[in-house]
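> Read off the chains here:
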Amino acid sequence: MAELTAVVGIGQTKYEAKRDDLSMPGLVREAAERALADAGCSWADIDAVILGKAPDLFEGVMMPELFLNDALGGAYKPMLRVHTAGSVGGSTAIVAASMVQAGIHDRVLCVAYEKQSESNAIWALSISVPFSLATVAGAGGYFAPLVRGYIRRSGAPEDTGIRVAVKDRQNALRNPLAHLHLEDISFDLVANSPMLWDPIRYLETCPSSDGACALVMEKESLASRRPDKVAWIHATEMRSEPTMFSGRDQVMPRATLDNAKNLYRKAGITNPRREIDCAEIYVPFSWFEPMWMEGMLITERNQGWKMTYEGATAMDGDFPVNMSGGVLSSNPIGASGLIRFAEAARQVRGRADQHQVDGARKALGHAYGGGSQYFSTWIVSSEKP
Amino acid sequence: MREVAVVGFTQSPSVRREPDRNEVEILIPVLQALREQTGLAGAECDFICSGSSDYLAGQSFAFVSGLDAVGAWPPVSESHVEMDGAWALYEAWVKIQMGYADTALAYGFGKPSMGDLPITLALQLDPYSVMPLWPDTISVAGLQARHCLERGLFTADEMAAVAVRDRGNAKTNPYAQVKGDFTVEGILAEPFLVNPLRKSDCAPISDGASAILLAAGDRATQICERPAWIRGFEHICEPMDFGVRDLGRSRGTEIAAEKAGVSSDKIDVAELSAPFTHQSILVERALGLPPETRINPSGGALAGNPLMAVGLSRIGECAARIFRGEADRAVAHATSGPCLQQNLVCVLEGR
Amino acid sequence: MNAHDTSGTEGDGSPVTVLRAPIVLEYEYSAGQSASRFLRAIAEGRLLGQRCPVDGRVYFPSRGSCPQHAVTFGDEVVELSDKGTIVTFSIVRVPSKNIPLELPYITVNVLLDGADTILMHVLDADLDDVHMGMRVQAVWKPREEWTTSTENILFFRPIDEPDADYDSYKEHI
Chain P
182 MAELTAVVGI
192 GQTKYEAKRD
202 DLSMPGLVRE
212 AAERALADAG
222 CSWADIDAVI
232 LGKAPDLFEG
242 VMMPELFLND
252 ALGGAYKPML
262 RVHTAGSVGG
272 STAIVAASMV
282 QAGIHDRVLC
292 VAYEKQSESN
302 AIWALSISVP
312 FSLATVAGAG
322 GYFAPLVRGY
332 IRRSGAPEDT
342 GIRVAVKDRQ
352 NALRNPLAHL
362 HLEDISFDLV
372 ANSPMLWDPI
382 RYLETCPSSD
392 GACALVMEKE
402 SLASRRPDKV
412 AWIHATEMRS
422 EPTMFSGRDQ
432 VMPRATLDNA
442 KNLYRKAGIT
452 NPRREIDCAE
462 IYVPFSWFEP
472 MWMEGMLITE
482 RNQGWKMTYE
492 GATAMDGDFP
502 VNMSGGVLSS
512 NPIGASGLIR
522 FAEAARQVRG
532 RADQHQVDGA
542 RKALGHAYGG
552 GSQYFSTWIV
562 SSEKP
Chain S
141 MREVAVVGFT
151 QSPSVRREPD
161 RNEVEILIPV
171 LQALREQTGL
181 AGAECDFICS
191 GSSDYLAGQS
201 FAFVSGLDAV
211 GAWPPVSESH
221 VEMDGAWALY
231 EAWVKIQMGY
241 ADTALAYGFG
251 KPSMGDLPIT
261 LALQLDPYSV
271 MPLWPDTISV
281 AGLQARHCLE
291 RGLFTADEMA
301 AVAVRDRGNA
311 KTNPYAQVKG
321 DFTVEGILAE
331 PFLVNPLRKS
341 DCAPISDGAS
351 AILLAAGDRA
361 TQICERPAWI
371 RGFEHICEPM
381 DFGVRDLGRS
391 RGTEIAAEKA
401 GVSSDKIDVA
411 ELSAPFTHQS
421 ILVERALGLP
431 PETRINPSGG
441 ALAGNPLMAV
451 GLSRIGECAA
461 RIFRGEADRA
471 VAHATSGPCL
481 QQNLVCVLEG
491 R
Chain F
48 MNAHDTSGTE
58 GDGSPVTVLR
68 APIVLEYEYS
78 AGQSASRFLR
88 AIAEGRLLGQ
98 RCPVDGRVYF
108 PSRGSCPQHA
118 VTFGDEVVEL
128 SDKGTIVTFS
138 IVRVPSKNIP
148 LELPYITVNV
158 LLDGADTILM
168 HVLDADLDDV
178 HMGMRVQAVW
188 KPREEWTTST
198 ENILFFRPID
208 EPDADYDSYK
218 EHI
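Chains P, S and F, in that order, are what the protein sequence lines are.
Residues in the first sequence are numbered consecutively from 182, following the working numbering.
Residues in the second sequence are numbered consecutively from 141, following the working numbering.
Residues in the third sequence are numbered consecutively from 48, following the working numbering.
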């Protein structure tokens, strides 16, 4: 029933700790202009603008889409603002796609951004509301105990996370847009970096970045006429569950498993590891690569670490993961999910330059957020379904 | 387009301050009542979307706890907009249109009483050039009202008459917060709050929540005897800068109304979420309502203004009148941003 | 609140790259019905949990409703021990404004005896000793300093009891 939809334009800013050369409107516009140029479109060709970002408190602007409307060519057009915690970038892509899939719009602009340097994200995340037991120090403090739980369950070697961190930073060296370019990245460098939230070391965590990412999506009848490869959206899926309830499996939440099952069913995928050529997964702390390899049903339960260990997730492995360098190399929070979705689309369009996986035809984009409770994913392909 | 209808609507009473209940405790009875009304629990819906604001709650990720009121287990397909619940409903409607869902829940909630709302809303303004001056929302709306009065678009009497009408209508609405027999003379005798706005020109600050259930085709008629079919659903955002748009009209509402087909037939009822009397007049004009339309039978935003739910409730109030056979065709309006920057129009019909 | 300044020298034509616009907003939170009862009890040194009417599980700390079943808890309260088991933990070496402890410190997810949900707190113990399954007990402020605040519990500390069996807490990780 849904109108077949494709990604036809992708634009990203350079990701950096501090983009003080640009205002917020300048930042989103840089990504949007690049996406329009890639799609060969002008502002007037866009029917609606869908904007995503993480909490408003990060930049101190309430509903910033209102003041960014103008900069995004959104004047007198429909505009929607998505916010689903860390998964927001992915959710924004899904919401934008659904506007075309529903036949409501022919072509939409999807933008996600974060300008963390304009405020203090750790502060915004750790506001101590009275009466709550605020003993968690940022996201690392929340996720480190879960990583420990994963290690206990799976028996994964303690250096699995280090290997992920090295691999993703090596991939980032191929991506000129990545925030971190650690030329001297090595196992020892990561292993010897300070232990921040045991068992998570400094170089196993994501940076804090400024940046924006934008996609242009359009309906089949338009996208089919294009001479260049487009990324056809085969399936999208979202799943959420409550943060805390008795017996909730926080290490391997049911929401990720349900999400994966439904995504593959809709995309007609029966053997994800074989049928998907590469994946860009939301890995803010190194250990989440093996965890989400299991959570996305790429491998058996408690076996995810073996994929890392055996090099399966490396650029030359049988299932490359985070070719762009991943969240570990660039993390403008609100955009991080969309960057994953965008990288999946770049791969199947054959436009990922130095981090292109040869012959990639089908790719997975993935984002998650909250207390491992919000999941959004898509499958894109160079071929129509 | 698929045939999609509002098949259920529930709300909490709008109150100045909910001292005893947190957002989840406010939401749970609203969602339970919706389940009783429709026979369908929120978590059983194919898609769920909510609208809320972190800045109203004073903390990041405030919407996450809203999910606790849904009972999202097994995990649900769900999303959130940092907007009024009316836009959450729009997203839910899109998901049904694309065939992803046949049933969907949308809810909105807010507890602005925790902070200083007029100041909090100043954070919506341009952070580089306007916000550092801290213009509160009432002052910004006052500038717009002054602009309209000076241009002779309407008079202070006409503004006061809006409040008299809405709060008189609200007398029969058990969920309304400000209601009663006001008079134009009485309102004009009130001191200015922010010249030219008097207290009665302004919507109250309200805590509250509301929820709507959507269903497609046969599912709609199974759930609801007389569903409120959505015949037009459009929203438009204008640029924010006050210097680049005409503050004397709601151009966004005009465009949305035209695209939604508001004027193609009679309109029995209109529900507007304009938070100031002068904005209500601008929206009425932009919608092109005929004289026989009953405007704000619930009292509208001037009688109860639970931010993030108030727009969704307007759609719900229209739908409820269609459920009861009191209206055949209705128009609901929602707004967001300073001076009616962003507007949504929804046309509902009983047939 | 109105203080703001800009960098970039006046008149030299260089771009303004920084604008400081401090934001101060005041909020008045209400604890809510359920948390109020919990806070009044903690002022007396008692830990009250609430039972989900659907599956009987005991929530502590309770937010007044069950997120899994979306039902408000009834009036039944369950008095809990201040002893529990470490389900999982982390050693933190990153400073945080809302945790006034010297680095490094240990954060723990504790399953209190009688509760079916975990409590996130901090542990006062030797960094080399802490492990999953370790038995711990709350250390309270002096009684005369107790208020309606969760801060009445300073931290947890290990107690001389044998470790809990992994199977007894593994579903709470």
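These aren't lab readings, by the way, just hints derived from the structure by calculation.
The structure displayed is predicted, hence computed values, not measured ones.
Hints may be right or wrong, so weigh each one.
To be verified - Taking lysine to any residue and the SDA-like style, the derived pairs with C-alpha atoms no more than 20 angstroms apart in a straight line are:
| # | chain 1 | residue 1 | chain 2 | residue 2 |
| --- | --- | --- | --- | --- |
| 1 | S | Lys399 | P | Ala256 |
| 2 | P | Lys442 | S | Pro214 |
| 3 | S | Lys319 | S | Asp297 |
| 4 | P | Lys199 | F | Ser61 |
| 5 | F | Lys217 | P | Arg334 |
> Taking the hints in turn, state whether each one holds.
Taking the hints in turn, this is what the structure says about them:
1. S/Lys399 <-> P/Ala256: holds (16 angstroms)
2. P/Lys442 <-> S/Pro214: holds (14 angstroms)
3. S/Lys319 <-> S/Asp297: Answer holds: S/Lys319 to S/Asp297 is near 19 angstroms, not above 20 angstroms.
4. P/Lys199 <-> F/Ser61: holds (18 angstroms)
5. F/Lys217 <-> P/Arg334: holds (9 angstroms)
No hint from the list above goes unmet by this structure.
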